[in-house]
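Listed below are the residues making up each chain.
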Amino acid sequence: MLQDDTLANVLYVDISKKRFWIEKRQDLFEKYIGGAGVAIQLLHEECPKGVDPLGPENPIIFAVGPLTALFPLASKTVAMFKSPHTGNLGESHCGGRSAIAIRMAGYGAIVIKGASDIPLYLAIHDNQIYFRDASSLWGIGSCITVGRIIRENEPAAGLRTIMRIGTAGEKLVSYACVTTETYRHFGRLGLGAVFGSKKLKAVVISGKRSLPVSDGKLYQKVYDEIYQAAIGSPAMKKYHHLGTAENVLPLNEFGGLPTRNLQQAKFEGAFEISGETFAEHYLGRRLACSHCPVGCIHIAALREPYGDEPYFYKTSMISYDFEPIYALGSMLGGSDPKGVLRLMERIEVWGLDAMSTGVVLAWATEAQERGAISEKETMGIKLGWGDYTAYMEAVRLLIEQPNEFYQALSRGVEHAASLYGGEDYALAFGGNEMPGYHTGPGAHIGVLIGARHSHLDNAGYSVDQKTLAKKKPTSPEELAEALLAEERWRQVLASLVVCFFARGIYQPDVVSKALHLAGFDIAPEALYRIGEEIHREKYRFKTREGFSLDKLRLPKRIFETSSPLGKLDEKFIRGAIEHVKKILFE
Amino acid sequence: MKLSVVDTERCVGCQSCMFACSRRQGEAGIARTCIGVRSVGGMERGFVVIVCRACDDPPCAKVCPTGALKPRRGGGVRVDITKCTGCGYCRDACPIGCVFWDDEINKPMICVHCGYCAQFCPHGVLRLEKREKVGHASG
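So the sequences go chain by chain: A and B.
Position 582 of the first sequence, counted from 1, bears residue number 582 in my numbering, the numbering being contiguous throughout.
Position 70 of the second sequence, counted from 1, bears residue number 70 in my numbering, the numbering being contiguous throughout.
Check each hint, because a few of them may be wrong.
Simulated crosslink set (SDA-like; lysine to any residue; CA at most 25 Å straight-line) [stated by the list, open to error]: (1) K237/A x Q119/B; (2) K217/A x V112/B; (3) K513/A x Y116/B; (4) K472/A x E578/A; (5) K582/A x S475/A; (6) K513/A x Q119/B; (7) K221/A x H123/B; (8) K62/B x E27/B; (9) K217/A x E27/B; (10) K556/A x Y420/A; (11) K238/A x G46/B; (12) K314/A x R10/B.
Hint data in this document are derived by calculation from the structure and do not stem from the laboratory.
Bound-form chain A, shown alone:
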């Protein structure tokens, strides 16, 4: 890496002792690039074995990469921590202004340790670090309001990120998220609860600086190539036009859209909650992350009367994407787009992972239908498919946790089902609630073996779609190998912190060329090796914390509901997992 690049600076903040220091860690960045690669090493260093994820020993690590602020679309921040949701590796990625702000403040990574005795928020402006008393922000119901207050109190508008938690994080819901810039999230695996456990309400980061490049002329040329590819590619246009919500209709057409807790994989109300319907009737604005020309963030404008007075309206601006539409729409059997938006808005305000929340509500609805729980547990709420008034009330209660049932819901579907039954239809894999794909075995195996149990680990749904297109079955071994190869390459992208939507643009040769300008000379083949090593390092952490491929629970429901590739076979799935184990551990 280049000598005068600030990337190697790691900012350590101890919020117990309210002190901070900076260490030069070229060793980590030169070997593991940045992002996920560096974050997993810092997690190994900072997180002792077996710690309570909600205890002060659990660190929060943020990392960005060498291409951040140098090239477009390298705009994600990788967060790592021990997850309070799964008790294992916590990794979550977020865009907004977060990555650019960290890099422009002069850091490649930030490590937050300890826990504060009073609520506080951290303000990191270049090398000035402030511990601000957040006692008067603690308990504010809406994380949007918290953002507004901090915005007024801190400098550097346009050059900063404001990461914050809502009530869900304060109340330690194990799938509470951290929100940045109102609409982007460290969504999965409960970083919000880790913030809450440290009494850390928010982190503001800003900065403005120049970055060195190894060759100024070549830099402009390579920049132009990447930029033109980004604005010209059909994939990127798709994300700009309808956004990820474009996937609703095709997925439903295939018969791969989980519906009513995956009792079906085709939803009769799909059109009403499709990207097309949202764009035509509700789309109010599109936004982009910093240094990404695409602008895939879609914001609906929902105008509604208050009802207590004539002509008294409010207009809410609500971010929507495919995953929240699946989790809070089809999964809950809801085809009323206004209902879906209202629930999305509440979840945004309170700071929950929309995907986990939807799957939890779907399980609770079915459990109540089957009599596993009654209105005694739900405190009088009758959950019914598509009943958004009931769902909003239930979400409020699972955050407040007034009884044991809601306490159980606040820890996820696997935990709730372990207490109340209904494990066969509790749709979590590796402890994390399922994403919106029932496309075939690849989707589920991908999430099961993925290091963070996310559909983005290895895109199993995409392997299924390819199998469907070539009309030839894929063997368990082939499937396992395809998923592992994809996940290993994605470790490179996640270490560069390149958005996965741009994976078609950042091919190995382009990555190698771009990295050269940041002073990293890594040949394309060597990139694959680094990806493999980072993946192994993540699994080393997972194994250390008790994860085992032998212990994975497969909810029966995925075998009951037919997928586009027919009914799934448990033996096939176990076979693929066995093969993954062989490759990773033998």
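For this one, chain A is given, so just place chain B on it according to the hints.
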């Protein structure tokens, strides 16, 4: 020629223009940018684009005590860094906030209307226009 902010409602806040401005000056990052994009108090309400609008009679030049800022033909100013003492009057004089500051050398940075940023505006917010076409409502 003059850089024109055609329609801020089209802005998605990607800030590609800010990076372009720095790159045009041979640097990566955003320290050298003479254009700024920030939200109108929350992204839900959209963005403001802050860049010199090439005033005919620029107040920043009027208050410069050393003659470092000279009105430019076609609007706006030219900055002669060698004459500048870094007093900052120009920055205070611009009500739009278009005088950016180079903290390293303590001198102003003002858009020269080269239009490079407009080439990197993917959604039609910025345009380089002939002076006479510029309407009063722009920017």
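For each hint, the structure was consulted:
1. K237/A x Q119/B: holds, 18 Å
2. K217/A x V112/B: Holds, because 21 Å separates the two Cα atoms, which is no more than 25 Å.
3. K513/A x Y116/B: holds, 24 Å
4. K472/A x E578/A: holds, 22 Å
5. K582/A x S475/A: Within the cut-off at roughly 15 Å; holds.
6. K513/A x Q119/B: With a Cα-Cα distance of about 23 Å, the restraint between K513/A and Q119/B holds, given a limit of 25 Å.
7. K221/A x H123/B: Distance ~22 Å between K221/A and H123/B Cα, so the pair holds.
8. K62/B x E27/B: Roughly 30 Å separates the two Cα atoms, so the pair is violated.
9. K217/A x E27/B: holds, 10 Å
10. K556/A x Y420/A: With Cα atoms ~16 Å apart, K556/A and Y420/A stay inside 25 Å; holds.
11. K238/A x G46/B: holds, 22 Å
12. K314/A x R10/B: Answer holds: K314/A to R10/B is near 23 Å, not above 25 Å.
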